[in-house]
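Residue numbers (our numbering), protein chains in the order written: chain A, 8 to 423; chain B, 8 to 423.
It should be emphasised that the hints constitute simulated quantities derived from the structure, not laboratory data. A portion of the hints provided could be inaccurate.
Same chains, same names: a pair is fine if it fits in one copy or spans any two.
[Unchecked claim] Keeping only pairs whose Cα atoms sit at most 25 angstroms apart, straight-line, the calculated DMTMM-like set for lysine to aspartate or glutamate is:
#	residue 1	residue 2
1	Lys69	Asp335
2	Lys69	Asp395
3	Lys233	Asp311
4	Lys69	Asp373
5	Lys69	Glu391
6	Lys69	Glu285
7	Lys69	Glu184
8	Lys69	Asp84
9	Lys69	Asp353
10	Lys233	Glu309
Remember, predicted model here, so these are calculated numbers, not experimental data.
There are 2 protein chains.
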Amino acid sequence: MSSAKAPPVSPLAPTAMPELPPLPGVRIATAQAGIRYSGRTDVLYVALESGTRAAGVFTRSKCPSAPVDWCRDALADGSARALVVNSGNANAFTGRLGRDAVARTVEIAAQAAGCRTGEVYVASTGVIGEPLPAERFEGVLAECAARAEDGPAAWNAAARAIMTTDTFPKLATRTAEIAGVPVTINGIAKGAGMIAPDMATMLSFVFTDAALPQDVLQALLSAGTKTSFNCVTVDGDTSTSDTLMLFATARAGHPAITDPADPRLAGFREALDGLLIELAQLVAKDGEGARKFVTVRVTGAESDASAHRIAMSIANSPLVKTAVAGEDANWGRVVMAVGKAGEPADRDRLAIWFGDVRVAVQGARDPDYSEAAASAVMREPEIEIRVDLGLGDGNARVWTCDLTKAYVEINGDYRS
Amino acid sequence: MSSAKAPPVSPLAPTAMPELPPLPGVRIATAQAGIRYSGRTDVLYVALESGTRAAGVFTRSKCPSAPVDWCRDALADGSARALVVNSGNANAFTGRLGRDAVARTVEIAAQAAGCRTGEVYVASTGVIGEPLPAERFEGVLAECAARAEDGPAAWNAAARAIMTTDTFPKLATRTAEIAGVPVTINGIAKGAGMIAPDMATMLSFVFTDAALPQDVLQALLSAGTKTSFNCVTVDGDTSTSDTLMLFATARAGHPAITDPADPRLAGFREALDGLLIELAQLVAKDGEGARKFVTVRVTGAESDASAHRIAMSIANSPLVKTAVAGEDANWGRVVMAVGKAGEPADRDRLAIWFGDVRVAVQGARDPDYSEAAASAVMREPEIEIRVDLGLGDGNARVWTCDLTKAYVEINGDYRS
Numbered sequence: 008m009s010s011a012k013a014p015p016v017s018p019l020a021p022t023a024m025p026e027l028p029p030l031p032g033v034r035i036a037t038a039q040a041g042i043r044y045s046g047r048t049d050v051l052y053v054a055l056e057s058g059t060r061a062a063g064v065f066t067r068s069k070c071p072s073a074p075v076d077w078c079r080d081a082l083a084d085g086s087a088r089a090l091v092v093n094s095g096n097a098n099a100f101t102g103r104l105g106r107d108a109v110a111r112t113v114e115i116a117a118q119a120a121g122c123r124t125g126e127v128y129v130a131s132t133g134v135i136g137e138p139l140p141a142e143r144f145e146g147v148l149a150e151c152a153a154r155a156e157d158g159p160a161a162w163n164a165a166a167r168a169i170m171t172t173d174t175f176p177k178l179a180t181r182t183a184e185i186a187g188v189p190v191t192i193n194g195i196a197k198g199a200g201m202i203a204p205d206m207a208t209m210l211s212f213v214f215t216d217a218a219l220p221q222d223v224l225q226a227l228l229s230a231g232t233k234t235s236f237n238c239v240t241v242d243g244d245t246s247t248s249d250t251l252m253l254f255a256t257a258r259a260g261h262p263a264i265t266d267p268a269d270p271r272l273a274g275f276r277e278a279l280d281g282l283l284i285e286l287a288q289l290v291a292k293d294g295e296g297a298r299k300f301v302t303v304r305v306t307g308a309e310s311d312a313s314a315h316r317i318a319m320s321i322a323n324s325p326l327v328k329t330a331v332a333g334e335d336a337n338w339g340r341v342v343m344a345v346g347k348a349g350e351p352a353d354r355d356r357l358a359i360w361f362g363d364v365r366v367a368v369q370g371a372r373d374p375d376y377s378e379a380a381a382s383a384v385m386r387e388p389e390i391e392i393r394v395d396l397g398l399g400d401g402n403a404r405v406w407t408c409d410l411t412k413a414y415v416e417i418n419g420d421y422r423s
Numbered sequence: 008m009s010s011a012k013a014p015p016v017s018p019l020a021p022t023a024m025p026e027l028p029p030l031p032g033v034r035i036a037t038a039q040a041g042i043r044y045s046g047r048t049d050v051l052y053v054a055l056e057s058g059t060r061a062a063g064v065f066t067r068s069k070c071p072s073a074p075v076d077w078c079r080d081a082l083a084d085g086s087a088r089a090l091v092v093n094s095g096n097a098n099a100f101t102g103r104l105g106r107d108a109v110a111r112t113v114e115i116a117a118q119a120a121g122c123r124t125g126e127v128y129v130a131s132t133g134v135i136g137e138p139l140p141a142e143r144f145e146g147v148l149a150e151c152a153a154r155a156e157d158g159p160a161a162w163n164a165a166a167r168a169i170m171t172t173d174t175f176p177k178l179a180t181r182t183a184e185i186a187g188v189p190v191t192i193n194g195i196a197k198g199a200g201m202i203a204p205d206m207a208t209m210l211s212f213v214f215t216d217a218a219l220p221q222d223v224l225q226a227l228l229s230a231g232t233k234t235s236f237n238c239v240t241v242d243g244d245t246s247t248s249d250t251l252m253l254f255a256t257a258r259a260g261h262p263a264i265t266d267p268a269d270p271r272l273a274g275f276r277e278a279l280d281g282l283l284i285e286l287a288q289l290v291a292k293d294g295e296g297a298r299k300f301v302t303v304r305v306t307g308a309e310s311d312a313s314a315h316r317i318a319m320s321i322a323n324s325p326l327v328k329t330a331v332a333g334e335d336a337n338w339g340r341v342v343m344a345v346g347k348a349g350e351p352a353d354r355d356r357l358a359i360w361f362g363d364v365r366v367a368v369q370g371a372r373d374p375d376y377s378e379a380a381a382s383a384v385m386r387e388p389e390i391e392i393r394v395d396l397g398l399g400d401g402n403a404r405v406w407t408c409d410l411t412k413a414y415v416e417i418n419g420d421y422r423s
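Pulled out of the complex, with its shape left as it was, chain A reads as follows (with noise of 0.2 angstroms):
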């Protein structure tokens, strides 16, 4: 069994942390504004070249923060100009409070920025319920615009800035080619616990040089998020807050692209979908308390959506994720949260492998069923359970983690 205290770091930790290149037409600064730790920044200011346009793609949560509902309003316009986003405080269900404190915060950025309100994003992740004391950004912004600047420190600073629980941070980066010119894609994430479909980082940055206008932009980043984002989850908690933006500064000098399905975009696709399966991948292996990153993969069944919709019951499912804990070979969960998900299958023709080993078929025990082999499989820190239903095309592949005692210990002391 895991022990209870969670480790400083996570153990399925990247053993080093990419350094992201330069990025034109994006300058990055962070502060220490107080809002809620001591000790530790927890204001990310990003300054964006005019001409940046910009997408997002939001909790599906039916009580949003109030700067998801500002970033949605503004994203009718597109343009943006500069990106603030603050730990410590999600600024999530505090009434006309947290209205007025996205005002005062966009105020203050745009001052900064020498820009409109509305090409300022915001972003806010933490405790929820309680005011954000917006003041404390006066001054700091200003003096974050003063001395922003680009390159792989910037970037690395930009990631912790924005974490809570986390307890690594979450970078990653792509080149791809457009039209024969070099772009850039650099991506920052944080969240570790209240991860679940659909959206399941808290918040997460994607920024390009690519040139494109924000139906394109868009368009890429909401199917990206349908193979990557929306495949993860730690606990099956939506959070009030989770936000993805995508923004685009225009600086790489590529021919002038209208369509998001433009064969001249393939590489560029290819790339940021890579770039966000691997940010998402690195929220589950930060999932609170987790010792095993663990993938789950459904074939065979009716249809990709019935295959996703079976995958994440597997993944979301306590008794699963505790047996993974348990470096447990328990398959017969994995048949109770197939039976659960509500979706078409058939006992009989269900077969499970943990790794490569095959441990149902048919509707019961492998005749060959080894529980050393078995056991082998789960005592790595990577795991694939498989599932094929026998009955149609349909697949999924999703990420979690297990459920340890740390994460009962991280999340009933979190407030206090």
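Given chain A, put chain B in place with the hints provided.
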């Protein structure tokens, strides 16, 4: 925080077990068949007098166990002469071997009871995916039939024989009158994990001496399930074996009743509903690792169904349940759970109470919020979380328990 070790008996267990009165037409025996456990009973045999009618409600899992399949088929007839329940092995996902094991079990039981196999009902609970050694019932069931008896000790033994990870036996009794004639209802249940709608017990068996036809029994049982077992959740996981059956021995000499809406059934219906609620609550109070019993009440929803889904979203949220374990009045997580339910909700109309302490109103923290008062509520062993949506007349009430490190420990080690 809770300590990691599960106590031998849930702190939420009733201080005294009810004494179940004799029930004409029902005789009970338990035995040690050595299915999986040693040194404890693992078989319950119930002999039912000729003329007994049965009704049942079963798991909605798409991968039900072999015994569930059997009972569903047997109910087409509805006559019942024997019930055989074993603990230690669920006989689920055992393919052809599972069906063979059921066939062998009912054959042995029918011989012991002197009845048709179609009059035997079976249920199994325990590990999934391992073949049930039905041959161990040979001799055992005949011997049970010979010595089966009635009375409090027999009922208590029955409740104990069907336990798995339960920490206390679950029994309840009611009396009522049908057309002036006294009738008795006795019920037992087991279940502590893999508890979720729809059908929240793993196994529960209710017996009465009322004389009611099968369709009336089924109508009463289905209706009673909606406000009892379908309103309790421990972990959102749905068993492949969930079984709730009602047997009526027809020994109470009241006039024939053929309509479930007959006003002469009002008292019986109320007694049955109360007994089902009591048993369902006992299941939540024995939730694996539970230290707190939580009632979630939702009012002001657009409909009762919507209120129920929101209440279940709260009751199943790992973040809400770990906060309760940590005695943390973290109402922000309640907002999160309302938002993720996907049901109509208006953030700015929400009000939330912990016990009698209103913590949020009109979409923001209550101006009179007292952390001390809210924390005092959280230290109680039984907690009510109430949410008013301010939209309509829809109400719901569900029960759950907290999520502790002991849950993780119990379920990480269950098979080993």
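Status of each hint after checking the structure:
no.: 1; hint: Lys69 / Asp335; in the structure: between (37 angstroms within a copy, 24 angstroms between copies)
no.: 2; hint: Lys69 / Asp395; in the structure: between (34 angstroms within a copy, 15 angstroms between copies)
no.: 3; hint: Lys233 / Asp311; in the structure: within (12 angstroms within a copy, 32 angstroms between copies)
no.: 4; hint: Lys69 / Asp373; in the structure: between (44 angstroms within a copy, 20 angstroms between copies)
no.: 5; hint: Lys69 / Glu391; in the structure: between (33 angstroms within a copy, 23 angstroms between copies)
no.: 6; hint: Lys69 / Glu285; in the structure: neither (28 angstroms within a copy, 34 angstroms between copies)
no.: 7; hint: Lys69 / Glu184; in the structure: neither (39 angstroms within a copy, 47 angstroms between copies)
no.: 8; hint: Lys69 / Asp84; in the structure: within (23 angstroms within a copy, 47 angstroms between copies)
no.: 9; hint: Lys69 / Asp353; in the structure: between (35 angstroms within a copy, 7 angstroms between copies)
no.: 10; hint: Lys233 / Glu309; in the structure: within (19 angstroms within a copy, 30 angstroms between copies)
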